[in-house]
Amino acid sequence: MSFDLLILMMFAGAFLAYLISKSNSEAGGISTVVISLISLVLLLLGKSQVGNEFAILYMTFKVTTIGWYFSAVMILVYSMTSFFNSYWMKQMLYPNAYNFLYLFSLAGTVGLFFAADLVTLFIFWEMVVWSSTFIVPLGKSRRAAVVYYTISSIGSMATLYAIMLLHAKSGTFIISEAFAWLATDPTMATIVFFIFILAGLTKIGIFPFHIWLPLAHGSAPHTFSPVLSGGLVKMGAFIAYMSVGVLPAYQAFSGSLKIMGMPIQIYLLMVLGAISIVLGTLMAIKQDDAKKLIAYSSVANGGYILIGILMMDQLSCAGSLMHLFNHAIASAAAFLTIAVVAHRTGTTKISELGGMIHRMPVTFTVYLISIISLAGIPPMGGFVSKWLIIQGLADKGLLFMALAAFFGSIGSFLYVFRPLAAVFLGQLAPKNYELEGATLMMKIPMVILSALIIFFGVFPRYILEVIGEIQSSIGITPIQLEGNAIQAINGLLNSYHVFVIFGFGFLISLAIFMLLQKSRKVGLMDTFTSAEFIHTPELYHYSHDFYAPFERLYKNHPSVENFLVNIANKFDELGQMVNALFFSHKPSITVFWITVVTAIIYLGGARI
Amino acid sequence: MNSMNSIVDDLKGKFDIINVVFPDDMQMAVDVDKNDVHTVLSYLKTIGYKQLSLMSGVDWIKENEFEVVFIVFNWDNGIHILLRTRLDRENPVFRTITGIYPGAQYYERDIHEFFGIEFEGNPMSYKDLFLELWDEMPPMRKDFDPLAYSQDKFPERKYESQFIPEVGVIK
Amino acid sequence: MFNIVEDTQKTREDTRKTWEKIADYFRANSIWMKWYCTGCGAMEMPPTMTSRFDMEQLGMGPMATPRQADVLLITGYLSAKTLRRVIYSYEQMQDPKYVIGFGSCTLNGGIYFDSYATMTRLDHYIPVDLYIAGCMPRPEAIMNAFDTLIAMIKKGEAKGWKHYQDNYEWYNANQIHSLKEVRVKDEFHE
Amino acid sequence: MNLMNLIYAFGLLLFAFVLQTSITGINRKVIARLQRRRGPRWFQQFIDIFKALSKSSTSHGWIFDFGVVMALGGIMATAMFIPIGPLQALPGLDNIFIIAYVLAVGMLGMAMSASGSGNPWASIGVSRALTNMLAYDIPFMVVIFGLIFAYDTSSLSGFAAIQQEGGILGWNIIRFPLGGLVAMISLQGMLGKKPFDSFIAPAEIASGPMVEYGGRHLGMLFLLHEFQTFVEVSLIVHIFFGGGATVLEYVVKYALIYTFMNIVSNILPRFKIDQAVTFFYKVPLALAMIQSLLIIVTGLGVA
Amino acid sequence: MMNPVLLIAIPLLLAFLSIILKHYKSQLLLLGSAVNMILIFGLQKGEYIIGGFKPPFGINLVLDDYAFISILVVNGLFLVINLMSFDKIDKLGTVLLVSLAGLNGMLLTGDLFNLFVFLEITSITAYILSSVSKKYQYSFNYLVLGTLGSGLYLFGLIILYSVFGSLNMADISKQMATANLNQMLIPTFLIFVGLAVEAKILPFNGWVKGVYGNANSLVGPLFASAYAGTMLFVFGRVFVQVLMVSSYLKVTLIIIGAVTLLAGEAAALSKTRIREILLYSSIGQSGLVVALFLSGLVFPAVLQIFNNIFSKAVMFTIGGKMADDTGTDEADELQGAFLKNKLAGLSFTVAAFSLIGLPLFYGFYSKINLLLGIFSLNNFWLPVVILLGTIIEGVYFIRLLVKLWTPGEEGHISTEEYATKFTIKIELAKVIGVVFLSAILIIAGILPGMVRNNLTESGQLLNEESPSYMFDLEGGI
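Line by line, the protein sequences give chains A, B, C, D and E. If you read the first sequence in my numbering, its first letter stands for residue 1, the second for the next number, and so on. If you read the second sequence in my numbering, its first letter stands for residue 1001, the second for the next number, and so on. If you read the third sequence in my numbering, its first letter stands for residue 2001, the second for the next number, and so on. If you read the fourth sequence in my numbering, its first letter stands for residue 3001, the second for the next number, and so on. If you read the fifth sequence in my numbering, its first letter stands for residue 4001, the second for the next number, and so on.
What the hints contain is simulated information worked out from the structure, not anything from laboratory work. Just so you know, these numbers come straight off a predicted model, no measurement behind them. Just so it is clear, CB atoms sit at the ideal spot from N, CA and C, and this is done for glycine as well. One or more hints might be untrue.
Below, simulated DSS-like cross-link-like pairs (lysine-lysine); rule was C-alpha separation at most 30 Å, straight line [what the hints assert, rightly or not]: (1) A:Lys349 x A:Lys443; (2) C:Lys2155 x C:Lys2010; (3) E:Lys4340 x E:Lys4250; (4) A:Lys518 x C:Lys2081; (5) E:Lys4022 x A:Lys90; (6) C:Lys2185 x A:Lys431; (7) A:Lys90 x E:Lys4421.
Sample of chain C residues facing chain B (criterion: CB under 10 Å; computed from the structure) [what the hints assert, rightly or not]: (8) Arg2016; (9) Thr2018; (10) Pro2062; (11) Ile2087; (12) Leu2107; (13) Gly2109; (14) Asp2123; (15) His2163; (16) Asn2167; (17) Tyr2171; (18) Asn2174; (19) Glu2181; (20) Asp2186.
Let's have the full structure, built from the sequences with the hints guiding it.
Here is the structure:
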């Protein structure tokens, strides 16, 4: 099926889902599964269409490998998450609108990734923004939607400016031509680069635009948070990729000042990425809401992705493109598990939960696998991509980025472990003794995602081959693969072998364990209590202020959120000032202003 | 000493003081009727005796009375006042002072547990504090026989030969 | 047919015994201790551990929790309240486990023999492998006791834990008689 | 990679176990002498481990067991990557980052198992251990980063080979003394020795993560600890002390470094957890940054 | 062939009739506007002389493309709004008929003084309409300022007449080309102020708050779409076709427009009442349109006027209706109001989206075009202002929409129980009307070629080179 039909079909599917939900909302939820899965299959089968061009109305499209790759990630996340939709229909105020917007935003992203001209790009970008904006308030916060829209629209308006500026200068909207023109004009390239990438930065949640992520991710409907974090955030990565890869940034900036071998323009953005990593990590560590925690982890991972993409080299760029896939599925899986917990217990507060493993072992396992990937521990996918990024940084000697990367990497152990320990492990509260686990419909996507996480961790070449194609398409050396091994300039990673050795170690360990005396099974409350008798499981559970000593070190940190809120308030005050100065109940004020303006005009005019 | 005398005079002028003794420097023991305790304590608290250092009981079994002792302390002049009152041993009921000194909570539970004195108005005072699952007579009463209790509850070791000759005497 | 079964059972029993012997060697030479210092006697432990007497030369060392420990050292008097905690701790230990009663109080109540609150005889409630008499015993006596315990383990005599398993009803009845209930609920768990 | 590699790796694993456990035992003796005690026999550590393995145990659910197995398995897998002098079971897999992160599998397994016991002491201990890790790993990684930039390799054997070319003056500890110092301090943190052992703190949080372990679980954790120590000390030997041209040379270096760290540990008190973090971010991290900047910007010390 | 004067005459005639036929006022009004609509399609472009004197001496009506398209839209909206709020017309039929005549007159006339006359007629009807809310102080303010504005306009006109000796638009336009523009500063500016009062340009618009802020579901949309649209069209005609503006004044006036845009949007951001938000948004939009006209970008300006008046008609109808029913239009009190009125809510949303300029809606087309136009003038600061305004506009509209659609407390899932306790029953006529209008916005957004084909000619009439983004099926860029 050619992709123009695919995009149209997805839009039609959105309307279809709306109609189905009208009669039966749960059937509508299931229809989102069917439609997104069909789209996924069609997209995956259509890999051979790379290079095709087509148009819908006045919008032009071109199928590229990068677009195909991004679309695949996006539809995968959407389709997996859609399995959960039907369970939340009852809680939604507008189930049919939810289903509609859900598929509509998906179709929008696919259109965005295949756009051949900048206006089409912008059209789909905005469509995704407004359609997703209206899903967010169905959750826990109205403010989140407004903040989400505000930050997004700052980015998209900047991008629109850049698009128009570029058009005014180069005379074309076609992406490849317009960007190619910039290579000749470094000043304009710098301006366009910074303004254009702003949309990407806001969407990835790079400092100082990160504030919408915890708000929107944390309070969107539980079924939409995985999509926000796993999917929509990646749109920003796409824009960043376009600004560095398609816009020949390194070529255009070849004459500019270099810091540690990097053009200053790119280095500045990398610093922002590094700040995001550190900040996301620190904030994630102190969150009490599991969803906000994963949202901040998305900020940190966004920093990795941005740094990697900005490098635009053989290793880091490949790592970054792979990381966005790994992060997409891992964070979607993590959000889904939290959704299961929220579905059963009604809360996502870490301090109110505990011992869920005894009621939902599958969910726990999925969470475990996803956080291992998020933290970048072998043999999961997240490790391979982080390894590539760090090897790339080491190759260039970008010390400060590496510092942030290490901090984010080790720090991620801290924050991913917190829900593990406090939500899934530890004491189970008596009120949750009878809790049920995930249903089959919920288990399917979670298991598929975990399987993918492991599969691409062990055999990363299947994804790196595609990335290699992308790299060659923009003229950088593709990543080198030898069988399962990744051959970097300064290191070698054969994750299949690592996996085998890990399995071998595990088997030895298991053998030791099995050969020894059998253990006696005891209850959770039969633990060392300094010989005190404790009968209340809830109180015997460590979940508040998990990293209190560490959090104390930065509890008085400055916050950019206050600064942004202040700016917003300034506009508000400006409005009030306008209101007070010009709009009173007395006409004399207006007469006064007419006099003043007339006088100014007259005096000014007299001088000419 | 002057200040202590003035306090005594002050108290005597205001309340029915049964007896005043001075056990030590900076200490005085004041006996009052059990109905006056709360007014005296309230007054003492207002003039600076803000700390309830101790509250305890004594079993005067021959006089068939319990004595309750309140030791209050003034941080400004360093004087301890021991306020003492007697209760009927047959009907040991006393009104709680937790309204005046909230910290008396645990003392009242202690005294209730060990002497069986009841504190009206303090439902918490009926709860166990030190003794878990105690079901005998309160153990600090003089007519309680701890040895018999111990022999009943905690079986003794039977020695085949007497290691210590006097052991029988002690018992 | 019948014989084979008997034979395999016998060989299995033999193997088990051999393994137990080997294991007993390890157990004797590596005794980790959890001490339960209820009243007095805690002061005697530091000299036993440090350079003067150095119990590490016997392969002994202190441990933080009963789960990790092999021997429970109970020093000083035991009130009814602490006895409950001792039993709880003892039951949390892993087999094989040993108990040393330390000082007169655990032996016969010591000077608190007539108290309404302290028990008089520890082996009534948990199996005691070894008592150290005295009020208080000197570190020499403690080291001596450890030597004895090591010898007992090597000989397979320190089977108190087995005794507790086999005669649990008796011990439990004693516990119930004296304490009514072991796992009490105190006011903080209402 | 074929079956022979695995068998070979298993052999090296056994060697590592014997080596590290013996050295631990000897070190207990050394410390005892330092404190004017007689100390245990040199094979006391073996006795302790086997005794723990021989005892009965309790389990708090499948994650409690699985975590221990995963932890030991992960650490053993890591140990298999480590070359011992010239011996290397799995050539090409001794990438520093792989080792550093596979090591984390073990840590995660243990942390998971500990929290799975339901004991809050364990969770507190894990939280401290992880915070500690965030403190000591970053200076170490920064130094390693500089070295990778300098040598364009990230394999342990590669580092060792480069250093062996220059004799004793080729050792990175000589060439990059600041980095070496940082690495040694970080090693102290990695080994969980004083002053960075607040996550064990037996008197304070009842040995933290290990609070619920007894019997075979505890024995396996002891095994894990030996392997972990082996991996961590080996990292330093390979990266900063030129590895070993022969097994003997390697073992001698290994033993000396471990003993040195142990002695240092025994004359120091314990940091609180936030003090440890502040210390690591103030001194070692600054030194590490200086060292790496020197390498990257000036190339000072690079052969 | 019809004479466009009928468009003015028929409403006036019916207005007299309606005084006699008291009970059929609203029917007559509908009849009048419907007849007008039919007449419009029979019109032929050209110049029509009234009273026999040839211009520049006589009064003439000019029906060019610009006038045609504006008359079509204004009359159409007038009809739709009256249909929607039929119940509110009641006694206002006469006034509305007169105002229709005035509006048509303003759009058609080719004479500056005649324009003044129609402006006065329209203003008087507007004063009366504004008093429907019974807030007489605001009507009085409006009256004072409106009169002042007309007075200044007349003053400017007098100066022009004394200079050129003519009031005919075409004539003045011709003579302006050779005149010293700096000498024309004062009359031009006075005319600007006179029109600015009606077109709601800061700082001459003190009356707007009281009048718009209390308008009901009939008056609100009428003011915000028919009146505002007419004023802006007239402004465009006067300042693009008739008067030449010196560069100094042009920059100043553009700045005034830009400031109006930003200040209006900022003021809307700080408001919580629905109608206040809308009125400040209208002010901002007027500023934008004025800036565009003065920059010479007629085509984008016309697009933007359409965008504004269509959207505002929808939004003011619904906002006014809410206020009519509940007595308040505080967004907080009305949260979840769309829960029971999904179609109306949807139309409101579409209108808001179009106004913000989100793709798939008509507003995006006009936004792209106006940006394209401004960039083609090598003006790089005005787009920044416009986009900043767009961001602010988006924020407050999204905030409002989120509140009206999804009631709820922070930290709690949005459920029906938080929804407003007021019941709002939007009549079928209104629903059909707003859905019709918003459907136009969507269709024009998806297929902007339709709009473009109808509009380019009128754009080219006033301004020779107006760039436009070719939204065609061919995809030519």
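Right, here's what the structure says about each hint:
1. A:Lys349 x A:Lys443: The hint holds at about 22 Å.
2. C:Lys2155 x C:Lys2010: Holds, at about 22 Å.
3. E:Lys4340 x E:Lys4250: 49 Å, violated
4. A:Lys518 x C:Lys2081: 34 Å, violated
5. E:Lys4022 x A:Lys90: 54 Å, violated
6. C:Lys2185 x A:Lys431: 20 Å, holds
7. A:Lys90 x E:Lys4421: 22 Å, holds
8. Arg2016: 36 Å, violated
9. Thr2018: 38 Å, violated
10. Pro2062: Hint violated; C:Pro2062 Cβ to chain B Cβ min 29 Å, cut 10 Å.
11. Ile2087: Since chain B brings no Cβ nearer than about 13 Å to C:Ile2087, farther than 10 Å, the hint is violated.
12. Leu2107: 7 Å, holds
13. Gly2109: 7 Å, holds
14. Asp2123: 8 Å, holds
15. His2163: With Cβ-Cβ at 17 Å, over 10 Å, it is violated.
16. Asn2167: Constraint on C:Asn2167 not satisfied, violated at 16 Å.
17. Tyr2171: Violated, about 13 Å.
18. Asn2174: 8 Å, holds
19. Glu2181: Holds, because the Cβ-Cβ distance from C:Glu2181 to chain B comes to roughly 6 Å (cut-off 10 Å).
20. Asp2186: 7 Å, holds
This entry does not satisfy hints 3, 4, 5, 8, 9, 10, 11, 15, 16 and 17, going by the numbered hints stated previously.
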